[in-house]
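Produce the complete structure using the sequences and hints provided.
Here the protein sequences come in this chain order: A and B. Residue 41 in the working numbering sits at position 41 of the first sequence, with consecutive numbering throughout. Residue 77 in the working numbering sits at position 77 of the second sequence, with consecutive numbering throughout.
Keep in mind that the hints were calculated from the coordinates and are not lab data. Fair warning: there could be bad hints in the mix.
So, partial list: chain A residues that the calculated Cβ filter (under 8 Å) puts toward chain B [stated by the list, open to error]:
#: 1; residue: Gln-3
#: 2; residue: Val-39
#: 3; residue: Ser-73
Derived Cβ-Cβ restraints for the label pairs, each shown as a range [stated by the list, open to error]:
#: 4; chain 1: B; residue 1: Ala-169; chain 2: A; residue 2: Ala-41; range: 46 to 56 Å
#: 5; chain 1: A; residue 1: Ser-73; chain 2: B; residue 2: Leu-51; range: 36 to 46 Å
#: 6; chain 1: A; residue 1: Ala-65; chain 2: B; residue 2: Ala-30; range: 56 to 66 Å
These numbers come from a predicted model, not from an experiment. All C-beta atoms in this analysis are idealised placements derived from N, C-alpha and C, irrespective of residue type, glycine included.
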Amino acid sequence: MNQLRPRGRELLEQARLERTPDAATRARVFEALMATEAVMAAVEAAANPKASRPLVGLGKWLLLAALVGVLASALYLAGHVGAKPEPPANLPDRPSR
Amino acid sequence: MSEAPETFRHLYNEHFAFVWRFAAHRGVPAVRLEEAVREVFVVVHRRLADLDNRSALRTWLAGLTRNVIVNHLRRYGDEALRGPLDGHEPAQVSPFDDLGPLEELGKMSPGQLVDVILRKMTGRQREAFILTEMEGFAAPDASEALGVNETTLGARLSDARQLYNSVSALLRAERFWVTRDGVEP
Numbered sequence: 001m002n003q004l005r006p007r008g009r010e011l012l013e014q015a016r017l018e019r020t021p022d023a024a025t026r027a028r029v030f031e032a033l034m035a036t037e038a039v040m041a042a043v044e045a046a047a048n049p050k051a052s053r054p055l056v057g058l059g060k061w062l063l064l065a066a067l068v069g070v071l072a073s074a075l076y077l078a079g080h081v082g083a084k085p086e087p088p089a090n091l092p093d094r095p096s097r
Numbered sequence: 001m002s003e004a005p006e007t008f009r010h011l012y013n014e015h016f017a018f019v020w021r022f023a024a025h026r027g028v029p030a031v032r033l034e035e036a037v038r039e040v041f042v043v044v045h046r047r048l049a050d051l052d053n054r055s056a057l058r059t060w061l062a063g064l065t066r067n068v069i070v071n072h073l074r075r076y077g078d079e080a081l082r083g084p085l086d087g088h089e090p091a092q093v094s095p096f097d098d099l100g101p102l103e104e105l106g107k108m109s110p111g112q113l114v115d116v117i118l119r120k121m122t123g124r125q126r127e128a129f130i131l132t133e134m135e136g137f138a139a140p141d142a143s144e145a146l147g148v149n150e151t152t153l154g155a156r157l158s159d160a161r162q163l164y165n166s167v168s169a170l171l172r173a174e175r176f177w178v179t180r181d182g183v184e185p
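See below:
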């Protein structure tokens, strides 16, 4: 594979140094970053974990029970919808005229 | 305002310069550099909890930065700044076209000269070149960050190096003549 020439590499290193931001820029961008809505929301969520905590313990079991209930109801309905009711066994014959 | 989590602050301090340089060399104009870098770190902040392997942090960050920057450039329609024939390989344009007026070359800083050369590369060549040659990524890490295999990365890098050597030699020669003829004060 071809390689960079020494003079070219030197130019690249100078360009890299030129494009490296200083500490003041780093601090300024960080302040602006912390002021953005998305980051503030995430920071507050991290500071107050109860508000965004996933379901645990009882909540998880209740959700599971509800899902099982819905599934059982769906299966029941699928098995019974569209089935004709059976006629009564002993209907009296209609009297003929 | 709450304090930012310490891990995020540490990551920011450690990698801010890298993200800034990557965005600048990838073609984000200076006027929007801060905005693009902030976008990267907003995504980093959101996804930091998903990162379980700290040793691969720099690779993860490079991939994320690359994606955010490409979306940023696309959103603002910076076609010219992404390099010629972006997304098409290999570039069919001559590296010696449109270098600009000779007087301008004489006044350019190293960073501006490198930008002239980087603009001759396709976006994909440029990313491979920045990560490996400018930021010192090993080939496996660069290929993982860019989502390509090492063979593809090697091909892009080879084209990019060839182009860089050709154009930088030409620029040096042009600058020599410009200086010699007294165009540059």
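Practice item. Tell me, in ascending order, the numbers of any earlier hints that this structure violates. Key: 3
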